[in-house]
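Sequences and hints are given; from them, build the entire structure.
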Amino acid sequence: MKQYQKLMLELEELEEIKAYDRAKKNAGTKCSFDRFIKELENPQS
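In the working numbering, the protein residues as written are 1 to 45.
Just so you know, the hints here were simulated from the structure itself, not pulled from any lab data.
Treat the hints with care, since some could be wrong.
[What the hints assert, rightly or not] Computed list of lysine to any residue pairs in SDA-like fashion (alpha-carbon distance at most 20 Å, straight line): (1) Lys24 <-> Lys2; (2) Lys18 <-> Lys2; (3) Lys18 <-> Ile37; (4) Lys24 <-> Met8; (5) Lys2 <-> Asp21; (6) Lys2 <-> Ala19; (7) Lys24 <-> Arg35; (8) Lys24 <-> Gln3.
So this is what it looks like as C-alpha cells:
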C-alpha cells in the first residue's frame, strides 16, 4: 500500500511538471511560473 501511495505522489508531481512546461510554452520564455517556482524553492526570500 505504501508503494502505491508513493507512486501516486510521483505521478502527481509529473503531472504538475507537465502542466508547468505547457504553461511556460504558452507564455513564452519568461512567465510568472518562474517566479512562483523560485518562491517555492526559497520561501525565505
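message: To test your reading of the hints: which numbers does this structure violate?
response: 1, 2, 4, 5, 6, 8
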